[in-house]
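Engineer: With the numbering used here, the residue at position 63 of the sequence shown is 200, and numbering never jumps.
I should point out that these hints are in silico values taken from the structure, not numbers from a laboratory. Where is the CB? At the ideal position from N, CA and C, for every residue including glycine. Wrong hints could be hidden among the right ones.
[To be verified] With a straight-line Cα cutoff of 27 Å, these simulated BS3-like cross-link-like pairs (lysine-lysine) come out:
1) K261 / K190
2) K324 / K305
3) K305 / K396
4) K369 / K316
5) K316 / K396
6) K201 / K183
7) K183 / K305
8) K190 / K324
9) K201 / K190
[Unchecked claim] For each label pair, taking beta carbons as the anchor points, the in silico distance ranges come out as:
10) L400 / S436: 29 to 37 Å
11) Q429 / E291: 36 to 44 Å
12) S388 / R193: 20 to 28 Å
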Amino acid sequence: MFRVLVTGGSGLVGWWVALRLQQEGREIFASYHHHPERLDPIPEDKRLFLDLKDPRSIENTFHKVQPDILIHAAAMPDLMPAENDPQSAFRINVSASQEFAGLCTRHNTRMFFFSTDQVFDGEKGNYRETDPVNPVHVYGKTKAEAERLLLASEADVTVLRLALAYGKSPSGSRSGSEKIIRALQRKERIRLFTDEFRTPIYIEDAAAAVAEMVTAPAGSLPRLMHLAGPTKVSRYEFGMAVAEAAGEDSSLIDPALQKDVSLPIRRPRDLSMDISLLRSVLPGCEVHNLQQALEQLFSC
């Protein structure tokens with residue numbers, strides 16, 4: 138049995154990956170920063186505090202676990218906090234990732250690093266792994282720089298560019314679908330763009346893909362893959378589909394054009410990603426379309 142350290146275990150991505158691997162019998166250690174209670178059902182003795190701003194915390198956590206595999210999902214993921222504090226965003230998203238890569242290199246540990254579709258400028262859409270990055274905000278710039286450094290390192294690393302993820306999060310409020318549902322349950326009107334496009338992925342599909350990747354022989358995976366859903370939708374179409382599947386009042390969702398709205402930071406228009414490489418590398422791993430995934434999500 139190999140040991141896996143999952144950072145960001147109290148977040149949407151890290152929690153689902155840790156849960157899936159634990160269900161498959163792996164020895165899982167998961168880190169948190171603020172909410173250890175959200176790591177349930179990870180055993181308490183496998184929950185580790187981690188401060189990505191502190192290099193000593195990173196090194197101590199790594200050496201305590203001595204993992205065979207590191208899945209680095211922890212980040213400063215929200216656009217406005219990163220924009221308002223670029224120094225912290227760089228420290229957390231870039232420097233910490235580079236430090237983990239160094240530890241993985243020295244200790245022969247495989248590394249999986251979660252990046253984002255936000256490394257693109259959104260002018261093209263249907264992005265492939267070979268397309269150049271051109272981030273337009275601080276968060277995207279930090280992730281693009283982390284990608285560059287890790288891919289240039291000697292670490293056995295696979296960078297996973299994750300699309301907008303939806304499903305159930307440990308907090309009940311972090312996923313793309315939950316934010317919409319919570320607003321509708323409060324009877325708030327929501328404005329969603331008809332001219333902003335994504336390829337959202339069901340978080341359980343993302344976790345299943347990672348679980349399959351960790352069983353692949355070392356060095357056999359591409360160093361960069363897109364992890365997205367097969368359905369390209371506008372943010373408005375996504376919101377309407379979520380509302381209808383959840384039985385919420387979709388009339389509270391108003392369509393809008395991004396170009397007509399003054400935004401505090403620039404938002405890429407089309408971040409849809411091509412997943413041909415993912416499907417060729419993991420032909421047996423199912424990635425549900427939006428309708429199938431929402432039916433599964435709300436049938437529970």
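Engineer: Compare the structure with each hint and give your call.
Structural biologist: Against the structure, the hints come out as follows:
1. K261 / K190: With Cα atoms ~35 Å apart, K261 and K190 exceed 27 Å; violated.
2. K324 / K305: holds, 21 Å
3. K305 / K396: Roughly 31 Å separates the two Cα atoms, so the pair is violated.
4. K369 / K316: holds, 19 Å
5. K316 / K396: holds, 23 Å
6. K201 / K183: Between K201 and K183 the Cα gap is close to 11 Å, so the pair holds against 27 Å.
7. K183 / K305: holds, 22 Å
8. K190 / K324: Violated, because 38 Å separates the two Cα atoms, which is more than 27 Å.
9. K201 / K190: Distance of about 18 Å is within 27 Å: holds.
10. L400 / S436: 29 to 37 Å: Once the Cβ atoms are compared, 36 Å apart, the range 29 to 37 Å for S436 and L400 holds.
11. Q429 / E291: 36 to 44 Å: holds, 40 Å
12. S388 / R193: 20 to 28 Å: Given range 20 to 28 Å: violated, Cβ gap about 53 Å.
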